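Q: Build out the structure end to end from the sequences listed, making use of the hints.
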Amino acid sequence: MAFPPPPVVASAGGNGADRTQKLAKLMRLEIYRYLLVHPPLTRNLLGAHSSRPLHTAILAACRQTHAEAVGILYGENTFLAHQTMLTSFPRLRVGYPPVREAAAAARIRRYHMRVRLDCDAAYDREALARAFADVDELTLEVWQAAFLGADHGVLTLFEGVRGVGRVRIYGSTTGFEDYVQWLRRVMESHDTRGCLAW
Numbered sequence: 001m002a003f004p005p006p007p008v009v010a011s012a013g014g015n016g017a018d019r020t021q022k023l024a025k026l027m028r029l030e031i032y033r034y035l036l037v038h039p040p041l042t043r044n045l046l047g048a049h050s051s052r053p054l055h056t057a058i059l060a061a062c063r064q065t066h067a068e069a070v071g072i073l074y075g076e077n078t079f080l081a082h083q084t085m086l087t088s089f090p091r092l093r094v095g096y097p098p099v100r101e102a103a104a105a106a107r108i109r110r111y112h113m114r115v116r117l118d119c120d121a122a123y124d125r126e127a128l129a130r131a132f133a134d135v136d137e138l139t140l141e142v143w144q145a146a147f148l149g150a151d152h153g154v155l156t157l158f159e160g161v162r163g164v165g166r167v168r169i170y171g172s173t174t175g176f177e178d179y180v181q182w183l184r185r186v187m188e189s190h191d192t193r194g195c196l197a198w
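In this note's numbering, the protein residues as written are 1 to 198.
Do not rely on the hints blindly, as some may be mistaken.
As the list claims (entries may be wrong) - 25 Å max Cα-Cα, derived DMTMM-like pairs, lysine to aspartate or glutamate:
no.	residue 1	residue 2
1	25	68
2	25	76
3	22	68
4	25	136
Said to hold, decoys possible - Across the chosen pairs, the derived CB separations fall in these ranges:
no.	residue 1	residue 2	range
5	153	185	16 to 24 Å
6	185	102	27 to 35 Å
7	147	61	46 to 54 Å
8	98	76	40 to 48 Å
9	133	25	25 to 33 Å
10	136	26	46 to 54 Å
11	165	62	26 to 34 Å
12	85	62	44 to 52 Å
Treat the hints as calculated values from the structure; they're not laboratory data. Just so you know, these numbers come straight off a predicted model, no measurement behind them. Even glycine gets a Cβ: it sits at the ideal position worked out from N, Cα and C.
A: This is how it looks when you write it as structure tokens:
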């Protein structure tokens, strides 16, 4: 038995962007996530591009796509904080150019920062508090050149940061694990009066 050919539907002359807007919004958001969100940072991905490229050209498809997708690009990816300028000029990965536009940088809600313990920091407590207060996620990768070569002194600069949704501190924390857990709780709290003193 032969099947009849599918019916031919006349096109209204719409382009690809028009057809995309007819998809259910939840489906469009999932497509944007697939195109615009990198997998979480791992030690192996810090210095390299992900195997899956970003497709940022989708943001130029139309105004509605840009409005729906730009928050996903900047809000759901984890960006590398600059080593001295913190949330100024963050980058998605080492191989990507930094985000230079202030409006785009203001949308970034997740940061990853490498913190070297055995050198003087190029930032102060107030700069850290301004930069990272109330972000959704902050990951601190702690390292030092020699095992047990430094204490947690540089991490004390982060004690003024408050309101972070999720803090993760890992790396060279041997000898001050309890302090790291306390610092994580302090940074996730909204207490600014110092009730959580170490």
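Q: Is the hinted pair residue 25 and residue 136 satisfied, with a Cα-Cα distance of at most 25 Å?
A: Judged against 25 Å, a Cα distance of about 24 Å means the pair holds.
Q: Go ahead and decide if the range 27 to 35 Å is satisfied by the Cβ distance of residue 185 to residue 102.
A: Since the Cβ atoms of residue 185 and residue 102 sit about 32 Å apart, the hinted range of 27 to 35 Å holds.
Q: A range of 46 to 54 Å was offered for this pair. Does it hold for the Cβ distance of residue 147 and residue 61?
A: Holds - the Cβ-Cβ distance for residue 147 and residue 61, about 51 Å, lies within 46 to 54 Å.
Q: Between residue 153 and residue 185, does the C-beta distance stay in 16 to 24 Å?
A: holds (19 Å)
Q: CB of residue 133 to CB of residue 25, is that within 25 to 33 Å?
A: holds (31 Å)
Q: Please check whether residue 136 and residue 26 have a Cβ separation lying inside 46 to 54 Å.
A: With Cβ atoms ~21 Å apart, the hint is violated.
Q: Is residue 25 close enough to residue 68, meaning Cα to Cα at most 25 Å?
A: holds (9 Å)
Q: Does the alpha-carbon distance linking residue 22 and residue 68 stay inside the 25 Å limit?
A: holds (14 Å)
Q: If I claimed the Cβ atoms of residue 98 and residue 76 lie 40 to 48 Å apart, would that claim hold in this structure?
A: violated (19 Å)
Q: Please work out if residue 25 and residue 76 have their alpha carbons no farther apart than 25 Å.
A: holds (17 Å)
Q: Does the hinted range 26 to 34 Å hold for residue 165 and residue 62 at CB?
A: holds (31 Å)
Q: Taking 44 to 52 Å as the stated bounds, is the beta-carbon spacing between residue 85 and residue 62 within them?
A: violated (34 Å)
Violated hints, listed in ascending order, are 8, 10 and 12; each of the other numbered hints is respected by the structure.
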